[in-house]
Amino acid sequence: MKRALFSGLAVIAAAIFTPALSQETGATPPDEVDCKTLGATMKTQTANWSYADFEESGWRTLASKKCFFEAGGSIVGWLAAHLDTASPAEVRTLRYHAARVFAMTGRHQVAMIHLSHAHDPDQPENPAQDWNSYIDAFSAWLRRDVDDLGDAVHQLEKQPVDEDGYKPNLSAALRFVVCFDLPYASIETNPECIPDIETTPQDTDETDAPAPPTSILTIDDLRNEPQ
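Residues in the sequence shown are numbered from 11 upward in steps of one, following the numbering used here.
Mixed in with the good hints there might be a few duds.
Claimed, not checked - Calculated pairs, SDA-like style, for lysine to any residue (alpha carbon to alpha carbon, straight line, at most 25 Å):
| no. | residue 1 | residue 2 |
| --- | --- | --- |
| 1 | 46 | 63 |
| 2 | 75 | 198 |
| 3 | 76 | 44 |
| 4 | 76 | 56 |
| 5 | 76 | 58 |
These aren't lab readings, by the way, just hints derived from the structure by calculation.
Whole structure, please, built from the sequences with the hints as guidance.
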């Protein structure tokens, strides 16, 4: 597992250290954040941080300043420095967040590499919270695969509702459907991408019958679009 992780990180490192097309070299205007310098400083400072500290105050600090490329780089750096100490759950979580921030920059191939390491191999069958199907939905959107996206959403619809009346990650996955043709940044931040789904708790005896989504755009709509 460690060897596979190291191999994946090597591929990603080669990609992330290629200068971003949207980030031109040269002096940074006074009113802009110097993401390159912040990113380099963050990687140096956080190499020995605990997972909890890095997850709370490491990459998120860069992402909050819209230094998404550097946020991804800091995650790769932290993972490389903790190959022998990071738990599988910590690796999965950071791989997922790395996919998010790289997708924000349009680096879908790099995001997909991270997502390929974000599944939970020990997830039980018919889980109360289907993490793997949400990762599948994200991956399907990156690959522009409507059928796989539909399958992932269907699996998430099978989940029982939680104590707040929601099916975990279903709303997040449906964002990929509603805003299928928009950039990932819109899926994360645009209120118009929020699906209109049933949120009333269901009877526990009927949890196998998914509440039909009523989002603006559906999987069937996407399948019926002319190619």
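Hints, verified against the model:
Under the criterion of a C-alpha separation no larger than 25 Å, the hint pairing residue 46 with residue 63 is consistent with the structure, at around 21 Å. As the CA atoms of residue 75 and residue 198 are separated by approximately 15 Å, the hinted pair is consistent with the 25 Å bound. Simply put, residue 76 and residue 44 have alpha-carbon atoms about 11 Å apart, close enough for the 25 Å limit, and the pair holds. With a CA separation close to 19 Å, the supplied pair residue 76 and residue 56 stays within the 25 Å bound.
For the hint pairing residue 76 with residue 58, the CA-to-CA distance comes to about 24 Å; that is within 25 Å, so the pair holds.
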